[in-house]
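K.L.:
Residue numbers (this note's numbering), protein chains in the order written: chain A, 37 to 831; chain B, 24 to 182.
No lab work stands behind these hints: they were computed from the structure.
Beta carbons: idealized from backbone N, C-alpha and C, even for Gly.
Do not rely on the hints blindly, as some may be mistaken.
Below, a sample of chain A positions facing chain B; criterion: calculated Cβ distance under 10 Å [what the hints assert, rightly or not]:
# : residue
1 : Pro-242
2 : Glu-295
3 : Gln-553
4 : Gln-723
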Amino acid sequence: MSDADERDSSDDSSSGAFGAAIERGEDVPLLTGDGEYTGDISLPGTTHLAIRRSDHAHARIESVDTSDAAAVDGVVAVFTGEDVVESGVPNTIPTAWDLPGLVQPQYRMLATDKVRHEGTAVAAVVAETAHAARDALELISIEYEPLEHVTDPVEAVERDVPPVHDEAEDNVAFDFELGDGDATDEAFADADRVASVDLRQPRIIPNAMEPRAALADWEETTGKLRLWMTSQNPHLHRMLLSAGTLGLPENEIQVIAPEVGGGFGSKIYHYPDEAVTAWCSMQLGRPVKWQATRSESYLTDCHGRDHVTTGEIALDDDGTIRGVRVETHAGLGAQLSQFGTATPSYLYATILSGQYAIPAIHCRVVGAFTNTTPVDAYRGAGRAEGIYVIERLVDVGARELGMDPAELRRRNLIQPDEFPFETAAALVYDSGEYERAMDAALEHVDYDELRERQDELREEDRYLGIGVANFVESAGLSPSGLAGDLGAQAGGWESSIVRFDSTGSVTVLAGTADQGQGHRTTYAQIAAEELGLSVDDVTVVEGDTDRIPQGMGTYGSRSASVGGGSIARGAREVREKARRIAAHQLEASVDDIEFDDGEFRVAGAPDRSLHIRTIAHEAYLGHDLPEGMDPGLEETNFYDPENFTYPFGTHVAVVEVEPETGEIEIERYVAVDDCGEIINPMIVEGQVHGGIAQGIGAALYEGAAYDDDGHLETRRMDEYAVPHSTQLPEFETDNTVTPSPHNPIGVKGVGESATIAATPTVVSAVVDALEPFDVDHLDMPITPESVWRATEADR
Amino acid sequence: MSEHDISVTVNGEQHELTVEPRTLLVTALREKLGYTGANVGCETGRCGACTVRENGETIKSCTRLAVQSDGSEIETVEGLADDGDLTTLQERFREHHGLQCGYCTPGMLVSADTFLRENEDPSREEIREAIEGNLCRCTGYQNIVDAVEATADQLGEQR
Ligand code: FES
Ligand code: FES
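Bound conformation, chain B alone (with noise of 0.2 Å):
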């Protein structure tokens, strides 16, 4: 089978790679380049378990080709927290229990921190559309949402 020669600049490192033309964007991230956070739960786009940050904008890493991606900017969960530090997002999601097994929880961050972004002073409405297409089976998302609603809170009152 043909192999294509991509770059890819994910989480502000840039990665030359040979990827075969049906290889998925996130069995590169996860394979080819060892960015394991991104997680594959349905292949199908349902999950979320994979979304990934692609040129600013989230995308679920399962739907795209890896050579689609040649030239992008992605960031993953691996790329949110500075020098290991967690991020505000990231410590209220501990702090009110946002996660249980943690299978959904990187392509969930991804989700509501792009969505913070464009929304700073969210309803609790609109966090839950907001991360509908990220499908979690351990906590009921309730503890999610307050996680969300407290980071938006929170960097309300830093700005």
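Looking at chain A on its own, in the form it has when it is part of the complex (with noise of 0.2 Å):
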């Protein structure tokens, strides 16, 4: 059955929870202090790691010398790499999507023969107190012979330098390439007008406020490896730990993700440091704690973004884009983490129709070692910067054609009739009523209005500016089979189990990872709508592999979708099981059985009835059930979707820029999202105010930069500018709802959508304002100093 037939046959159910702004459960121990994250918990007899990291960009290890190290009071070992090589475990952290000639060097948990970023782990310490352990830390004694290093992804490529990989003497990781060249030359030659723009998007660092931390402790006596740790996808931590790093199966492995405090990216990845956690664990036959600095956090949590980007847009006089160009040099940091191929390949490329109907498509991307913090997904991963790559390309159109931006981006709409849309990126977007949620916007600012003040304060010397950015973006990356195909080293599908008790609660097991999204308050909508209960009656249990036995975590705006899909498949395989048995209890027939609000009736026969908790009774006393059916009333489920899910919306900015001192005051900021059904209007706003505080922040605020000793200069939350209460604005919200036909509850996904769309908003506004100092571009973040340089010459 297609997901599409499914959606249809949710019929009968009606508890009222699916929609409803429902206070989440979650938060009374978050409020009182009670909430338990991983730097929370300590066993008896639990002994501290710390990590010494490489203060070289690219240098070759002589020598280590732990001996100093491991004569201090409280150390009880100094570990390097070559023990870790000696213990014989796999010592490997893959990635996780391969693609066509794709160099993959060899990733171990703590280096050996070189470093190739600020930050590499090296060395190990562990010692009865944190204090202790990190005293030791200073006393190993590392030789070193610095290498040449290269920050930039063009340069690495480019220039002649050391390669940060042998294998790899270029530093081309991978040259990607999608869409049709020949076409694409065609329309650019045929097109009436070209335009262009140079970009660059810096590396966002994601400043999750929860340090990564780990807790791990090894059962020598059963062979059990139990580890708590700041995780999105704790499955997936189990698995890479298994077949990646430590070598053991996975059935011995206990991957828990208590609370968790943010992710954004930054949590998916298996980092040396956790596998490092438990392997000394594995060693000393101790429980093992690691807690990251804010400073390590920076050097280490894979970065977001870092796109050098030269863009072309062939247009014609009446404002049709004829195609779109797009050339991107993505660095990939020093080493390849999970996803880093996937998000500037797959991710990036196959988003840059964006709302738009483009003809031909072309990109190409070369992936580039650099002696650089690994990259990885960010917020929005690769659709953000796909996004913003053909939004700016959008305005720069405009205004060759000198047209309203607005007016070009309408013109180019893809149609709701044109759904589904087969994109000449790759995509098949699913549905979607763009000019809705645009109009929606526009209506919002009054943008016509608000164009004519523009008009009006410029004439007193006042820059008032207005960016309109339109997105669309792919959610909840699946199906399997696709995936599998495109280079993914796992599956796209989720899975949970939904159970009644014989009580008649219901507990949800969900595959998925919480990292504040509220999973426990709507994955209990969803099932409570299904099974006809109220959310109270069902309990959301997440993030401990030996009590959910599969899943895939959190990441790519895929809980609600994917997860969510999961679990209304799985919870309406239970409620047509207990539909079986009223049937048979109330000697009817099974078609004969409607259910509403949790009771099965008869129809035609409405005080013959039974509640739904009264057969999850039954179903565990087992004493009267159909012919052959097996007691208990559970079931359990794995959801590959047929495809991905579109999301999508209109946000605008209005801005004022006084180029005198280069200020940017955001005056308004109007986001409309059609993220499909809305399961909780509450959260679903929360991750649109959080997703635009992120937007904004890389526009005008944030930005990792590297000195020219390849330091990474931003290392500290003085230095790294995360957006103060201060320095965002109100924002206004609204929805149009276009459900998503690939989806067995209609949802699209929504954690992602206002990052994406708030960077190119916020950018495009600022340079609107300042048009008439003739400024095309700016790149982010965009700072008052580089507001006064672009208009210097004008003043």
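From the two separate chains plus the hints, produce the assembled complex.
P.N.:
Here it is in structure tokens:
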């Protein structure tokens, strides 16, 4: 049965839980200080791990002397990369996405031969106290032979530098192409006009407020490893620890993600640190705890973005977009992180059509090794970079034509009756009413009047800017078969168990893993709706591989659509089994049993009814079930979606820029999002708020920088501008609802949308304000200084 | 390393403990006394996740040595609510979805609670300024501001 058929079959449940702004069940412990994060947990006899990291960007390790460190009071052991090699574990951090011609260098838990970026893990100290471990760290003496380094993805492949990895002499990890080059060349040759933009998307550091942490407990007698860690996907971590670093069978590893204090991508990946924590516990037979400092987070959490791009757009005079051509150098950092290869290739190039019907698209991406922290998916991964490029191109195209940028957008929108729509960038969009969302956003700000006000203010040397950005994103990476064809080393399915107990309460075990998104509430809403119960009857369990057998985790806005889809399907299976029991006990045919508000009734005989809770009890008694039916009332579901879902929307920002000082003030920020059906409007709005904050952060404040020695300059919170409360405006949000036919509950996902949208919106607004100064583009983060410099000549 | 015996009162309960001179207050609270509500996000006084109240003033407990707090009265997020009931501020945080991952929340609540004692009828700008030293990466702050504003309104009505 296709997903679309399933959507239609969801007929008769009606608890009203789905769609309600229900307060979050998870909040109470978080508000009282009772929420348990990894760092809050200790076991008797816990030792503390500190990791010695390279302070060189690129160097050969000559020797590592640990004797002084080992002599420090309280130190239990000091380990080097050689010790890990000698222990015989597989010791490989694998990439999870292969590409044609990909160079995949060795990525070890602790470096043995070379360090390739500042922050590379080189040695590990385990001590009785965290203080002692940190003291001893300083006493490890490492001799390095420094090597020339490179931090820029273009220089890495174009300048003659020592390669980051010998296997890739030119520092090219992959050279990826998507789209039709010939057709695009023709479109450009035929078009009336061509506009182009050179742009950079700097590195973003995720900055989840909780730094990464791990607590490992190896039980010698049972041969079992328990690992609490800050994880967005405990099952993936279990798999990678098993097959990649430690070599234990999966069933001897338990990964537990308790409360997780934000992730935004950074807690998806398998890093050396958590594996080393586990390995140390296995060596010592004692619990080992590791807690990153914020500086360690800056140096080691995978960074996002790092693109250098030339984009071109071909247009006709009437505003028809004929083609788009993009060439990007993507920095991958010093090692291939799990999705480090997928993000700048398939997740990026495929979204370059945006909301527009563009007949010809060609994109080339050169993935470059550099002597920097590995780059991987950060909120909006790939889609954010792609939408930024297409939206900047539409803006420069509009300028080239002298056309209003909103008008140019409107003329090229894919129309509602054109779905499913196959783009020239290899995606099939599911459903959309792009113009409706765009109209709603423009009406909110009274766009035409704003343009008039902009003209008036310019007369007074005041510079108002209006930025409009349309976005579409591919959410819920799937289906597994397609992902596999494209190089994924894991599936795109999700798994859940929906289980009634004999008292009639429901437990949902979900393979995704929350980091603040409110799964425990939204999943309860989905199950309650399908089963005709109240959310209080449903308990959701996540984040423990021993309790939940299988899962893939939370990233890529997949939880509501793939995780939620699985729960809905599981709940429907449970409901159907209950219906058969009801039919049997009410002595009616299954087809005559109606279900409403938790009650099974015989059609036409409303007093003959049984509540689903009663049936749950009967199912566990097992005394009187239909012939051949097994007792119990629970289902395990594996849901592999037939396709991605495609959330979309339009965001508008109104800014005022003061060229003399470079100051930028966001006057209004309007977001109209369409994430399909809405499970909980309060939570959706919260996701949009947080997403806008991160998008504005990227546009105006954030960006990692390396100095000439390859050292990360932004390594403390006072050097990297995480936006604070006075730097963000009030957000005005609204939704349209276009259900996804690719999903059993019509949802599309919303976690990343607003980050994808906000960045081009704000950049566009600032650039629009500076049109009188002939500014066509400014790179992020747009600071007062960059505004001041851009307008200097004209002042 | 030499150690010091100190005495602190936390949420009304007195504790005697022995610390190294370099032990941070937040470490002492979390690891020696088990008050794990205050979180560590930066260790440099920037993020505010570790905010607690000392003798009535908010402090970032990662910038204070435990020995400096000898003899002090400390209040942490665990001490805000009586007998398991949420305070008005906590209720409003929940109602207005002023938290997502919750990691900044203990510090945010202590800052906002202290602020509302000093300013009973704040503007939204004043609220934003009051929580400027508490970073939240999840919420974009607006719902937090809503929660604090709603608390002020409700407490105002009750007065
Ligand atoms: S941990 Fe104290 S301010 Fe960040
Ligand atoms: S709720 Fe996650 S940091 Fe504030």
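K.L.:
Are there hints from earlier that the structure breaks, and if so, what are their numbers?
P.N.:
none
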